[in-house]
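Construct all of the structure, not just a fragment, from the sequences and the given hints.
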Amino acid sequence: MTVRPDLAARTAGMRPSKLRELVAAAAGPPPAGGLMSLGGGLPPAEAFPVAAVSAAAGRVLSTAATAALQYSPTEGDPALLDLIGADLAGRLRLPDPAGRLLVTTGSQQALDLIGKVLLDPGDVAVVESPAYVGALRALAAYQPRIVEVPVDDDGMDVDRLAQQLQAGLRPKLCYLVANFSNPSGRTLAVGRRTQLAALAARYGFLIVEDDPYGQLRFTGADLPPIASSGTEHVVYLGSFSKLVAPGLRIGYLAAPHWLHRRLVVAKQATDLNSAAFSQRLLVELLTTPDWFAGHLAGLRVLYRQRAQALTGALRDRLAGRLVGAAPEGGMFVWVTVQAAGIDALALARAAMRRGVSVVPGDEFSLVDAFPRQLRLSFSMLDPAGLVTAVDRIGQAFDDLGAPG
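Residue 2 is where the sequence shown starts when you use our numbering, and the numbers rise one by one after that.
All the given hints hold, so there is nothing to weed out.
If you anchor each label on the Cβ, the simulated ranges turn out as follows:
| hint | residue 1 | residue 2 | range |
| --- | --- | --- | --- |
| 1 | Leu70 | Ala347 | 49 to 55 Å |
| 2 | Ala52 | Gly100 | 33 to 39 Å |
| 3 | Ala270 | Asp369 | 33 to 39 Å |
| 4 | Ala347 | Leu36 | 16 to 22 Å |
| 5 | Gln165 | Gly221 | 27 to 33 Å |
| 6 | Gln71 | Thr288 | 17 to 23 Å |
| 7 | Asp160 | Glu47 | 39 to 45 Å |
| 8 | Glu47 | Tyr204 | 42 to 48 Å |
| 9 | Asp160 | Ala56 | 46 to 52 Å |
| 10 | Arg318 | Gly221 | 21 to 27 Å |
| 11 | Leu70 | Thr220 | 41 to 47 Å |
| 12 | Gly135 | Pro257 | 21 to 27 Å |
Derived by calculation from the structure, the hints in this document are not laboratory data. Virtual Cβ for every residue (Gly too), placed ideally from N, Cα, C.
What follows is the structure, given as structure tokens:
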């Protein structure tokens, strides 16, 4: 008889990914034309600055190889911290970012560190709903009671949260993606940003403002971050994954002074420091005159064209079957199945058989609140490919007997 140790109690709350199960279910010969992805929110290969990264790597290895290949301070490379701090103070008008910054191994690590430092089992964590699935899983590992607050056209319904707080809800933290949220594509309105900051100060909870897409706005005006309204109750998360390359695994956070040191100590117990070579690469790229501004401008054009192609094809080819609002930035469109008698999971399975991956809405809720919603990502396919993918979804509707 083999005796094994019991698994940690927190593993009981871990849920399998519906997207991974769909992919596994589609194993076998690929469909005609191959598998087209509207599922993962990944940058396409043409968004990667390969030549610039190659040149930067050469400069790093020729001028700073020892430092780039050695351990670095837990807080981050000092030159990179200076660049991030100057950006946050200027572009976002965050007060006094110096001394509050921590470079992380992607912003996913930042979420894990915050949960580790702040949450005890049974503590309340508020999340926007639908919510980024990576945040749900990172927070759930620390066994809080997760309360979902719905999103509408103006982002998280902060009035609904205020009512819950008035009724006695006492969260430790509130997580949201304020700009072009994953998965809803919605942006939190200015008034709601101010209101949420005021609620955090009044009721004593931490806002976790995740902003991986804020610099990928391709229409409309930039909005001030929540963190600009109250730095002692907001931790701001940024990332270079969508802006340069996810393979670098460099994110960062700007935390209140009372929280910052605890996060640094928690990171020391996790990975000591984020990759020194990746940080040096970023310093080289960000200090190349005009390079980053031009690179971002190109990304905005790329994603605007793709968003327009996807939303236009949905409007022209799937009217009465799927409906969703055009985003102002980011990578995602949140759509609702209008055809009677068809739920999102059934459509996702049928679409996979037709060679298109999409993500069912219930993946973004712990209470399966979105049985008729899908997240579609326009990042991975060019405009012509997006039109073809939409046509395949139309064929999936036909397979399910939906009226045309």
